[in-house]
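Just so you know, the sequences run in chain order A and B. Residue 118 in our numbering sits at position 118 of the first sequence; the count goes up by one each step and never skips. Residue 210 in our numbering sits at position 210 of the second sequence; the count goes up by one each step and never skips.
Check each hint, because a few of them may be wrong.
Said to hold, decoys possible - Taking lysine to any residue pairs in the SDA-like style, the calculated list, with each CA pair at most 25 Å apart, reads:
| id | chain 1 | residue 1 | chain 2 | residue 2 |
| --- | --- | --- | --- | --- |
| 1 | A | K50 | B | V44 |
| 2 | B | K90 | B | K218 |
| 3 | A | K59 | B | Q165 |
| 4 | B | K173 | A | G31 |
Hints were generated in silico from the structure; no laboratory data involved. As the structure is a prediction and not an experimental result, all values here were calculated from the model.
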Amino acid sequence: MKRLASLLLCLCIPLAWAGGDALPKIDIGKGGQCVEDTQWMRKNHMHVLKHQRDEVVHKGIREEKHSLKNCIECHASTKDHSVTARADSFCVACHSYEAVKIDCFECHSDKRKNAWLQRNAK
Amino acid sequence: MSESDLVRDLGRRNFFKTSLGVAALSIAPGFLLFDIAHGKAQPVSNKVRWGMLIDTAQCKEGCNDCVTACNKENGLPSVASATSVQWIRKIELKEASTGRQVSLPMMCQHCEHPPCVDVCPTGASFKREDGIVLVDRHRCIGCRYCMMACPYKARSFVHEPVTDQNPDVPRGKGCVESCTLCVHRIDVGLQPACAESCTNKAILFGDLNDPNSEISKKIRAVTSVQVRADLGLNTGVRYQGL
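Let the sequences and hints guide you as you build the complete structure.
This is how it looks when you write it as structure tokens:
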């Protein structure tokens, strides 16, 4: 009887996982066609950003295509212009799901440039 | 697997290898063409050396426009506290024997041989090819050795958490920072915020390496000095009438 119960339990746990709304719900902002293939970006965006940051800071090559600013331009929420403000914001949704801390926004702005300009127009 | 199967399989494998090579070759020029079509940005070069000439005769005592413009452009606190950062500051000098007074802005002098770069243990402090001395915040550990090394007291440490940064000027707690000569503006062909904001046109910004630039012509014509020239740092910022 005990064995049967444990077997049932083992079967139930994955079922519960699969059945729940476990995948992150993401606000992709404007969205549209990404600069690279979407699946490739999911796996490699951190390498792209890391490469780009050294090119910009040390060599002054400010290519828009792979810049963090360009990511934010498309993917900041249309509601609050941010990629980190809410639990379903573009960066936060996946990163909290995967339990990976993002340090980018300790220094970098998480807002669209336009939104920042509007607030600081005075 | 029989011998004939093996031979056929190898043939197949070679076919795949060749076609992969051909595919790579035909894709690679595509990338090249993309770069040409979109104008791949070039790295900054040492053919340019950015610098400033500050005319102390034009700099008005009590005027703080350059400081205000710098704070606004770079998202620095507009109301200074004891621990807040300072990228540019106004100095009033008085010659004791004659009583002559001058007013001038002081900031990172963008040395050709910067002591801050010499002492940095992580390589965070560096000089860009075009002469701008910067801190790479990705590498800065906040040890503040560069602040000790700088003869101009140009650098500050960020003590407080920073919010609402200018998207073009990322900055945060735990790093040392200083005047970047508004590198984000220079890279898109604009002038530094202080030079643009100066109502008396006391700050002249330009390329010291170009003999035909306005700044080169002026430093050929008028007497200008580097602050602490005795240190042999060859600063990019020069002062007239000091």
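Checked hints:
With a C-alpha separation of about 19 Å, the suggested pair K50 of chain A and V44 of chain B falls inside the 25 Å cut-off, and the hint holds. For the given pair, K90 of chain B sits about 23 Å from K218 of chain B by alpha-carbon distance, which is consistent with the 25 Å threshold. Note on K59 of chain A and Q165 of chain B: the hinted pairing holds, with a Cα-Cα distance of about 22 Å set against a maximum of 25 Å. Between K173 of chain B and G31 of chain A, the direct Cα distance comes to roughly 31 Å. Violation of the 25 Å bound is thereby established for this hinted pair.
Hint violations for this structure: number 4 only, all remaining hints satisfied.
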